[in-house]
Amino acid sequence: MKNRLKVLRAERDWTQAQLANALDVSRQTINAIEKGKFDPSLPLAFKAARLFSLSIEDIFQDEVETV
Amino acid sequence: MTKQECEQSTYQRKNCENNANLRNWTIAWVITMAIAAFAPRFVWDYNTAFSVIAILVNLVIGFRMLVANRVHLKGLDEMQQKILLDAMALSLGVGLVVGLSYELLEDIKLITFQPEIAHVVIVMGLTYLVAVLLGHRKYQ
Chain S
1 MKNRLKVLRA
11 ERDWTQAQLA
21 NALDVSRQTI
31 NAIEKGKFDP
41 SLPLAFKAAR
51 LFSLSIEDIF
61 QDEVETV
Chain P
1001 MTKQECEQST
1011 YQRKNCENNA
1021 NLRNWTIAWV
1031 ITMAIAAFAP
1041 RFVWDYNTAF
1051 SVIAILVNLV
1061 IGFRMLVANR
1071 VHLKGLDEMQ
1081 QKILLDAMAL
1091 SLGVGLVVGL
1101 SYELLEDIKL
1111 ITFQPEIAHV
1121 VIVMGLTYLV
1131 AVLLGHRKYQ
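Chains as they are written, first to last, in my numbering: chain S, 1 to 67; chain P, 1001 to 1140.
A few of these clues could be false.
To be verified - Here are the simulated SDA-like cross-link-like pairs (lysine to any residue), alpha carbons at most 25 Å apart as the crow flies: (1) Lys35(S) <-> Leu1126(P); (2) Lys37(S) <-> Leu1059(P); (3) Lys37(S) <-> Asp13(S); (4) Lys1014(P) <-> Ala22(S); (5) Lys1082(P) <-> Glu34(S); (6) Lys2(S) <-> Lys1138(P); (7) Lys1082(P) <-> Phe46(S); (8) Lys2(S) <-> Asp62(S); (9) Lys1014(P) <-> Asn31(S); (10) Lys1074(P) <-> Leu1126(P).
To be verified - Derived list of chain S stretches under chain P, where covered just means 3 residues or more per stretch with a C-beta under 8 Å from a C-beta of chain P: (11) 6-13; (12) 19-25.
Unchecked claim - Which bits of chain P does chain S cover? Going by a derived footprint, with three or more residues having C-beta under 8 Å, they are: (13) 1077-1084; (14) 1130-1140.
Worth flagging that the hints you see were computed from the coordinates, not collected in a lab. Glycine is no exception: its CB is placed at the ideal position from the N, C-alpha and C atoms.
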């Protein structure tokens, strides 16, 4: 799953630690999500969407190609 | 984690408290285990009443340690939980397989000494440690 977390965070000039604090997770988890190594659960994805005032699809995209 | 780091965020503060709680209960459990193991021989000369009390106290503290571990796990975020739960599953599986094979060695006379449960616990502990380290590395 791809995501725009790093871009959105950079736009707001937030550090990984600040984003982790806002989402109540560890900085390592933010790092793993940004690198695409860990896919967040639906509740965490919703939390991120609320934080950035976007829909989940605006932040996370499925990597499966649609025909 | 130092006190200063503990004050950084709600998540870290909560985990520091849970870690400290788990550490304290684990130390208490180890102490009561040592008392139950050695005191009958060296302190109260195998007095049955004292030994039963020591075992009961050890069991109660052990269950309290399990509760503290559960609180600690539930306080972690989802990725940290996944790393630890994967490590626990692996160490349980390795413990079961290695433990049964180890016990079999004596039954079929491949070893002459009595298999000790402590050896299986050591294998499970080392497996857990390696699995946690690999889990953190995987998500780095």
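Status of each hint after checking the structure:
1. The hinted pair formed by Lys35(S) and Leu1126(P) fails the criterion: a straight-line CA distance of about 29 Å is larger than 25 Å.
2. About 40 Å separates the Cα atoms of Lys37(S) and Leu1059(P), which puts this hinted pair outside 25 Å; it is violated.
3. Of the supplied pair hints, the one linking Lys37(S) and Asp13(S) holds, its CA atoms being roughly 23 Å apart against a limit of 25 Å.
4. With a CA separation close to 14 Å, the supplied pair Lys1014(P) and Ala22(S) stays within the 25 Å bound.
5. A C-alpha spacing of about 17 Å is found between Lys1082(P) and Glu34(S), which places the hinted pair at or below 25 Å, so the restraint holds.
6. At most 25 Å may separate the alpha-carbon atoms for a hinted pair to count; Lys2(S) and Lys1138(P) meet this at roughly 18 Å.
7. At most 25 Å may separate the alpha-carbon atoms for a hinted pair to count; Lys1082(P) and Phe46(S) meet this at roughly 19 Å.
8. Taking the CA atoms of Lys2(S) and Asp62(S), the gap is near 6 Å; set against the 25 Å cutoff, the hint holds.
9. With a CA separation close to 20 Å, the supplied pair Lys1014(P) and Asn31(S) stays within the 25 Å bound.
10. For the hint linking Lys1074(P) to Leu1126(P), the alpha-carbon distance of about 23 Å falls within 25 Å, and the restraint holds.
11. For the region 6-13 of chain S, the stated coverage by chain P is violated: 0 residues have a C-beta nearer than 8 Å to a C-beta of that chain, whereas at least 3 were required.
12. Counting residues of the region 19-25 of chain S whose C-beta lies closer than 8 Å to any C-beta of chain P gives 4; at least three are required, and the coverage claim holds.
13. Residues of the region 1077-1084 of chain P with a Cβ under 8 Å from some Cβ of chain S number 5, which satisfies the need for three, so the listed coverage holds.
14. Residue count for the region 1130-1140 of chain P with a Cβ under 8 Å from a Cβ of chain S: 4. That meets the three needed, and the coverage hint holds.
Consistency note: the structure conflicts with the earlier hints numbered 1, 2, 11.
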